[in-house]
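S.K.: As a plain string of letters, each chain reads:
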Amino acid sequence: MPPQPPGQGNVGDKYEYNPPPGQLKGMGEAARGTALVSDMADLDLMPGMTVIYCGWDIDSQWPMIEWTDGAGNSRITTIHPGTWNSSFDLVTPLCRYSHKAHYSSTRSKWLSMRYS
Amino acid sequence: MALNAVFLIAQSPVPAPTYLALSGTAIGSLSSAETAMSGSTINEYPTASGYARQNLNPTAATAASPSRSWNTPVITFGPFTSAPGTCFWGIACDVASGGAAHPIASYILGTARTPAIGDSLQCNAGTGAAGVGFICQV
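If you read the protein sequences in the order shown, they are chains A and B. Under this note's numbering, the residues of the first sequence are numbered 2 to 117, in order. Under this note's numbering, the residues of the second sequence are numbered 27 to 164, in order.
Chain A with its partners taken away, still in its complex shape:
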């Protein structure tokens, strides 16, 4: 795996799509420059939607986000680096630790909890 391109976040972090003021459009609509037909508008990435940074495309180096559109479809989209820098705000950093707990019903206590 090649190194991560600069200026991108941590895999798993949540971001919110907030295009610049005055651009109250979905990302696809903004790219086209005119309104989308209604069924396409339902599938557009709209301002205020939360996305998860899930890595970068090896070929184009563009950030990749996983998100759920207005119709409930989970999907992955590549984002132009300039748009990524200008229109996506970090919401919740990925929790930097994980824990694994095992519960014993017979001994009624946590047997182990491990942080890494």
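Simulated from the structure, these hints should not be mistaken for laboratory data. Quick reminder that beta carbons are idealized off the backbone N, C-alpha and C, glycines included. Be aware that a few hints might be false.
Output of the computed footprint for chain B on chain A, the stretches with three or more beta carbons under 8 Å from beta carbons of chain B [stated by the list, open to error]:
no., stretch
1, 14–21
2, 41–51
3, 58–67
Each pair of labels, with its calculated beta carbon distance range [as the list claims (entries may be wrong)]:
no., chain 1, residue 1, chain 2, residue 2, range
4, B, ALA156, A, SER87, 41 to 47 Å
5, A, GLU17, B, THR98, 43 to 49 Å
6, B, ILE53, A, THR35, 39 to 45 Å
7, A, ASP40, B, VAL40, 38 to 44 Å
8, B, ALA126, A, ASN11, 32 to 38 Å
9, B, PRO43, A, GLY73, 19 to 25 Å
Start from chain A and add chain B according to the hints.
M.R.: Relative to the frame of chain A, chain B by itself:
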């Protein structure tokens, strides 16, 4: 159970996610000898367009003869921020991005599609019936 193996559902060598790519190669020009998504006849959609490979989430293969496997969710690409061209094929592969991914199976689209800028491209969830979603059978 051959489909379970090639779609990495079963351990052969190990279960793993699979992804669906889109190809602009004309019908009749996609070589079955390709071993990587960087192959000269694959012609995958450009990723600098909003396009990314999508999770295929194939079903466990049916035991009946012929054995079949198909996509479980609706699959949606885009929205495209630049025109990606016309696609004729869906290609299942084993890595989310990059030319080193290995093609697993190719699916001819019932109708070639040319999404415009701003559009999304969507495929139905499979049901096991011919012509619905991406279905592979051996």
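S.K.: None of the hints should be skipped; say for each whether it holds.
M.R.: Going down the list of hints, with the structure as the test:
For the stretch 14–21 of chain A, the stated coverage by chain B is violated: 0 residues have a C-beta nearer than 8 Å to a C-beta of that chain, whereas at least 3 were required. Only residues whose beta carbon comes within less than 8 Å of a beta carbon in chain B count, and the stretch 41–51 of chain A has 4; three or more means the coverage holds. Check result for the stretch 58–67 of chain A against chain B: holds, 6 residues qualifying (beta carbon to beta carbon below 8 Å, three or more required). Checked against the given bound of 41 to 47 Å, the beta carbons of B:ALA156 and A:SER87, roughly 46 Å apart, stay inside it.
For A:GLU17 and B:THR98, the Cβ-Cβ distance of about 29 Å falls outside the hinted range of 43 to 49 Å, so the restraint is violated. At roughly 32 Å, the beta-carbon separation of B:ILE53 and A:THR35 lies outside the given 39 to 45 Å, and the hint is violated. The hint said 38 to 44 Å for the Cβ distance between A:ASP40 and B:VAL40, and at roughly 39 Å that hint holds. Checked against the hint of 32 to 38 Å, the pair B:ALA126 and A:ASN11 fails, with Cβ atoms roughly 24 Å apart.
Between B:PRO43 and A:GLY73 the CB atoms are about 21 Å apart, so this pair conforms to the stated range of 19 to 25 Å.
In this structure, the hints that do not hold are numbers 1, 5, 6, 8, in rising order.
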